[in-house]
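Please build the complete structure, drawing on both the sequences and the hints.
The residues making up each chain are set out below.
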Amino acid sequence: MDRLDELENQSIYIIREAYYHYRNLALLWSVGKDSTTLVWLCRKAFLGKIPIPALHIDTGYKFPEMYKFRDEYGKKWGLKVVVARNEEAIAAGMGPTKKLECCNALKTEGLKKAIAQHHFSALLLGIRRDEHGIRAKERYFSPRNQEFKWNYQDQPPELWDQYKSQAEEGTHIRVHPLLHWTEKDIWYYIRRENIPITDLYFAKNGKRYRSIGCVPCCSPVNSDADTIDKIIEELESTNTSERAGRAQDKEDTYTMQKLRALGYM
Amino acid sequence: MRENLHFVVVGHVDHGKSTLIGRLLYDTNSLPPDKMEEVRKMSKEYQGQPEFAFVMDHLEEERNQRITIDTAQIFFSTDSRDYVIIDAPGHKQFLKNMITGASQAEAALLLIDAQEGLREQTHRHAYMLSLLGLRQIVVIVNKMDLVGYDQQRYNEIREQITKRLAEFSLEPMMVIPISARMGDNVAQLGENLSWYKGDTLLGSLDKLRCIRQGNEGPVRFPVQDVYEMDGQDILVGRVASGVLHKGDQVLFRPSDTAAVIEQIKVLDGELDSADAGKSIGLVVKSDKNGKTIKRGQVACPSTDNQPRVLSDFSASVFWMSEQPLKLGDKLDLKCATQQVPCKISKITNRLDSSSLDLLAEDAQELCDTEVAQLTIETEQPICLDAHESIAELGQFVLMRNNDTIGGGVVH
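Listed in order, the protein sequences are those of chains A and B.
First residue of the first sequence? That's 1 in our numbering, and the numbers climb one at a time after it.
First residue of the second sequence? That's 1 in our numbering, and the numbers climb one at a time after it.
In case anyone wonders, no lab produced these hints; they're calculated from the structure.
Note that the structure is predicted; figures quoted are calculated from it, not measured.
No residue lacks a Cβ here, since even glycine has one placed at the ideal position from N, Cα and C.
Certain hints may be false.
Stated by the list, open to error - For lysine to any residue, the following SDA-like pairs were computed, each having C-alpha atoms within a straight-line distance of at most 20 Å: (1) K99(A) / S219(A); (2) K184(A) / P33(B); (3) K75(A) / L267(B).
Stated by the list, open to error - The following residues of chain B were derived to be distant from chain A, with all beta-carbon distances above 10 Å: (4) R119; (5) F168; (6) L331.
To be verified - Okay, the calculated bits of chain B under chain A, using three or more residues with CB under 8 Å as the criterion: (7) 74 to 84; (8) 97 to 103; (9) 198 to 211; (10) 229 to 243; (11) 266 to 279.
Now the structure itself:
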C-alpha cells in the first residue's frame, strides 16, 4: 500500500465514521481542488451513491468558472447540491472591502443559517493541516458550539481512530477527512485518479490560481503550469506557501485564528 | 511514492521541543519564505537567532505565553523520505494533547535539557510512550551550549535516561547531544560537539522504521457500517490486519456467525483480495440471518487465530480527565468499531505516571494523568487481541458523556 492509498483509505474510514454517527451530515463543497477531492472520496466511501447533500456556501463573489463546474459535476455525480447565500448581508451591501467582516458575514454567517435551516449535526470539510499553522492543530472531529466557536484551548483527545461521536444539542461537529493530506498529495491524487477540477488552477498568460475562493480576495501566482504534471513539477520546486495569495490569511498575524474562532472554515 | 513516517517530539516544559522542530525545518530548507519572514517579524532576536518556536506555536496565547498548548502536525522531507512531525505540549495539564499526538506516531524524540536534566514530564512522557506501545525512542540531549558542550554532562544524562527507560523495558535507539538554538548536531555535527561519534539528529531519523499493521497477521475486519444498496447488504469497513480474499470462509465475532465472502466491493467494481489498511465493502453469505452482522462485529479466520471474546478483562489504563474515575463508574468503551457500556470493577494498583510511585493498591479512584492496572466488565462481550500483535484490537478508549477521558491497552 503506497502513501496515496494510505491517505485515501484513512479518509474513507473517517467519512464512513462521520456518516455512521451523524446521519444528518452534509459535505461542504466550495468547488476548489480540496473539496472536490473530498467529493471524490465520498463517492468511494459510499460506492458511487453519495447519500448526503453537498452544501455550497455562495458569497456571490465566486469565479464564474466555479459556478459552471458546480452545476456540471453536481449533476454528473448525482449530488444533492444545496446552495446557501446570506442574501440579507449581500443585500445590505456586505462586500470584500471589509475583509474579515465580509468573510465572517458571507461565509461563516451564511453557513450558520444553512446549518440552522437544514438541521445539520455534522459537516465534512476539506481543510488540511499543511495549509495554515492554525489548521495544523485541528482534530479530525472538531466540535463547534452554538455560537460556532472553536474552543481551541480545550480540544477533545483523539486517539486510535476513536472520534467524538455525538454532538450536543445545538452544536455541530466539523469533520476533516483530508486533514492529513498535503497540497502535493492532493495533486498527485488528482493525477492518479483523473479527478476533474476547474480550469482556474491551470496557467493562462503566465498566471494561475493556486488556491481559489472569492474573486476579489484571490491573487494568481506567476506560473506556466498548464497541466497537472507541470503543477506537480512546480510544487516540487517551490517553497512559497499555498495560501500566499489569500487575503484573509494576511491582514494581521492572528486573522486566521480569529476567523476560525468565530466559526470560519 | 515515497515512504512516510510519523514521529512525535515530547519532553518536559521548555526543554526545547518547538525550537527543535523549527530548527529542523530551517536547516532542511523546508520553510516557505513567507513563513520565515513571519517568524522573523514575530521574533525577538535571541543571540542573533530567530525564534524558531513560533513556527509551531501558532496560537496567539502560545506565542504570548511562550508555551505550546496544543499538539500540531507539520510536514517535512529529507532526501530519503517524507516525515510528519507531531509537536506535543510539555505541560502536565496538557497531557491529553500529548497523548493525542503520541498515539499517531511511529517513533518518538524524547527531549532533555542538558542543564536541567530529567524532570517530571520527561519521566511521564517516557512512561506514556511505553504504554502507547511506541518502541522507537531517540533521546535528544538539547541545550548543550548551556553546559559548554560538556561530554561528561551528556554521559550523565545518557546513563540516567537509559536506566529509567529500562525500568519499563524500553531502550533508546540513540542518545544525541544537540543545541537546537545554535544548530549544533541537528543537520550537521559542527565543531562544538566534535567528541560525539554518532548520528546527527537528521541522520538518526532515516534509521527509524515505518510501522504499519501488516498483511502477515491473521485477518481482522471490524464492520464499520452496513449500507443497503440495490437490495444488497454491504458490510463496509477497513481491514485491520491480514489479507481478505474473495471466497474466504470467515467467522464474525462476538456473534459467531459463519460466512463466506462473496464479493469485495470498491467504487470501480470488485476486488479479488484486500490488504490490511484497505477500506472496502463486503457482500457475504452467512448461515444465520445475515442481520446479526452489523457494526462492531469482527470478521476473523473461521478456524484458528481468532480474537478473544471477553466481558471481564484486565488492562493498563491512563486517565486524562479532571473528573476522577471512581470504582464502579459506568462508562462506554470503544475498541475499533465496537462500543459497549462497561464498569470498572477493580483498580488493582494506582500509579503516578511520572514517579511511578504506587499511590494505592485496590484503589477507589484514579485521577488525571495517573495510570493503573484495572479490571473492566463490559455489558456485552467484545473481541480483543493483545496490543503487541494486533494493535487496533488491543487498544481502547473510555468515554463518559460522550467525551474520551481515558485510554488503555490489553496484553
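Discussion item. Can you tell me if the region 229 to 243 of chain B counts as covered by chain A, using C-beta to C-beta distances under 8 Å and a minimum of three residues?
Written reply: Holds: 5 residues of the region 229 to 243 of chain B have a Cβ under 8 Å from chain A.
Worksheet item: Regarding the pair K99(A) and S219(A), is the alpha-carbon distance no greater than 20 Å?
Response: Within the cut-off at roughly 14 Å; holds.
Worksheet entry | Least C-beta distance from L331(B) to chain A larger than 10 Å | 13 Å, holds
Discussion item. Cut-off 8 Å, C-beta pairs, minimum 3 residues; does the coverage of the region 198 to 211 of chain B by chain A stand?
Written reply: violated (count 0)
Worksheet entry | Nearest-CB test (10 Å) between chain A and F168(B) | 19 Å, holds
Item to complete: Decide if the proposed pair is consistent with the structure: K184(A) and P33(B), CA atoms, cutoff 20 Å inclusive.
Response: Between K184(A) and P33(B) the Cα gap is close to 18 Å, so the pair holds against 20 Å.
Worksheet entry | Three-residue Cβ test at 8 Å for the coverage of the region 74 to 84 of chain B by chain A | holds (count 4)
Worksheet entry | Given coverage of the region 266 to 279 of chain B by chain A, checked by CB-CB distance under 8 Å (3 or more) | holds (count 7)
Worksheet item: Taking the minimum C-beta separation from R119(B) to chain A, is that value above 10 Å?
Response: The assertion about R119(B) holds, with a minimum of 23 Å to chain A.
Fill in: Coverage assertion for the region 97 to 103 of chain B with respect to chain A, Cβ distance below 8 Å, three residues required
Check passed, 4 qualifying residues.
Discussion item. Against the 20 Å threshold, does the CA-CA distance of K75(A) and L267(B) hold or violate the hint?
Written reply: 18 Å, holds
In this structure, only the earlier hint numbered 9 is contradicted, and the remaining ones agree with it.
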